[in-house]
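> Protein chains in written order, with this note's numbering: chain A, 175 to 333; chain B, 175 to 333.
Keep in mind that the hints were calculated from the coordinates and are not lab data.
Accuracy of the hints is not assured; some may be wrong.
Copies of the same chain are indistinguishable here, so a pair counts whether it falls within one copy or spans any two.
Mimicking DSSO-like on lysine-lysine, the simulated pairs with C-alpha atoms at most 27 Å apart in a straight line are [to be verified]:
(1) K255 to K292
(2) K255 to K331
(3) K292 to K251
There are 2 protein chains.
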Amino acid sequence: MQQAFIKIALDNWYTQISRASKLIDSLTDEQLAQETAPGRNTGTYLLGHLVAVHDSMIPLLNVGSKMYPQLEEPFIKQPDKSELEKPSIQQLRSYWTEMNNALTLSFNLMNMDEWFQKHTAVSEEDFAVNPSRNKLNVLLTRTNHLAYHLGQLVYLKQG
Amino acid sequence: MQQAFIKIALDNWYTQISRASKLIDSLTDEQLAQETAPGRNTGTYLLGHLVAVHDSMIPLLNVGSKMYPQLEEPFIKQPDKSELEKPSIQQLRSYWTEMNNALTLSFNLMNMDEWFQKHTAVSEEDFAVNPSRNKLNVLLTRTNHLAYHLGQLVYLKQG
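Full structure from sequences and hints, please.
The structure is reproduced here in structure tokens:
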């Protein structure tokens with residue numbers, strides 16, 4: 175039963191990743207550089223934002239260190255159109271793929287019990303009070319976060 | 175453990191519902207009637223679409239019959255701006271609230287084992303092959319679906 179719900183949660187993650195990858199691959203660099211709606215985040219920013227947020231799952235799940243810590247400032251802390259230096263779209267596309275592969279590897283190495291352990295941003299005391307603050311919860315909230323921005327990225331496609 | 179997972183999945187659902195409700199309540203009828211981006215679905219259509227999709231969870235989870243079957247045609251089968259007669263924005267707002275309350279009641283009445291039973295759109299044979307096609311999976315996929323459209327509805331807010 176326990177195994178069944180980890181599988182469902184992971185399947186839902188992979189479905190969103192696969193939809194996002196398919197969309198990103200279908201967009202040209204020029205399309206990706208556009209705003210998703212007038213005055214809103216560009217596709218480039220959202221791609222960098224998703225890589226940076228997924229990267230932060232690695233330390234949260236306690237499976238290693240961030241691969242691209244340099245993305246946190248321009249794609250999480252700062253809004254779009256900041257003056258900060260940013261990677262090229264080509265680099266971001268390759269980070270996206272490498273990030274997904276790294277997370278898949280980590281997920282495959284995690285055993286069932288690990289998903290129910292606390293994530294690293296919650297203290298032992300807080301976890302004792304609220305055992306829902308586990309690694310599985312990180313997976314579910316990040317899947318929703320991805321779906322949220324996927325709904326915006328899809329507006330880059332020609333209507 | 176099993177209980178922990180259901181709680182996490184439900185918490186994630188309620189978080190998305192709460193964010194969506196807060197956003198919808200903050201928008202005027204005029205804002206909701208706007209397109210979320212040029213040439214894209216209006217807020218009104220997305221609101222009707224979400225109510226219709228959530229309504230279809232009731233028979234899928236086998237907890238009753240649809241409350242608003244009349245919404246399926248204009249908000250699922252047909253695209254936005256169809257000539258079909260639609261409820262007013264005020265009606266849709268009230269359907270949204272009633273829909274959420276009805277689902278909360280149903281979720282509260284479901285026991286743990288029920289979430290791992292097959293949903294009604296899958297046959298016994300297919301469920302035997304893929305036991306992930308259960309009611310919990312319906313909850314997770316619909317949570318992602320809500321997050322996806324929430325990412326679009328948020329564009330109705332003044333930037």
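> Have a look at K255 and K292 and pick one of within, between, both or neither, based on CA distance no larger than 27 Å.
neither (36 Å within a copy, 47 Å between copies)
> Taking 27 Å as the upper bound on the Cα-Cα distance, should K292 and K251 be classified as within, between, both, or neither?
Result: close within a single copy only, 25 Å intra versus 43 Å inter.
> Checking K255 and K331: alpha-carbon separation at most 27 Å within a copy, between copies, both or neither?
Result: close both inside a copy and across copies, 21 Å intra and 20 Å inter.
Hint compliance for this structure: hint 1 alone is broken.
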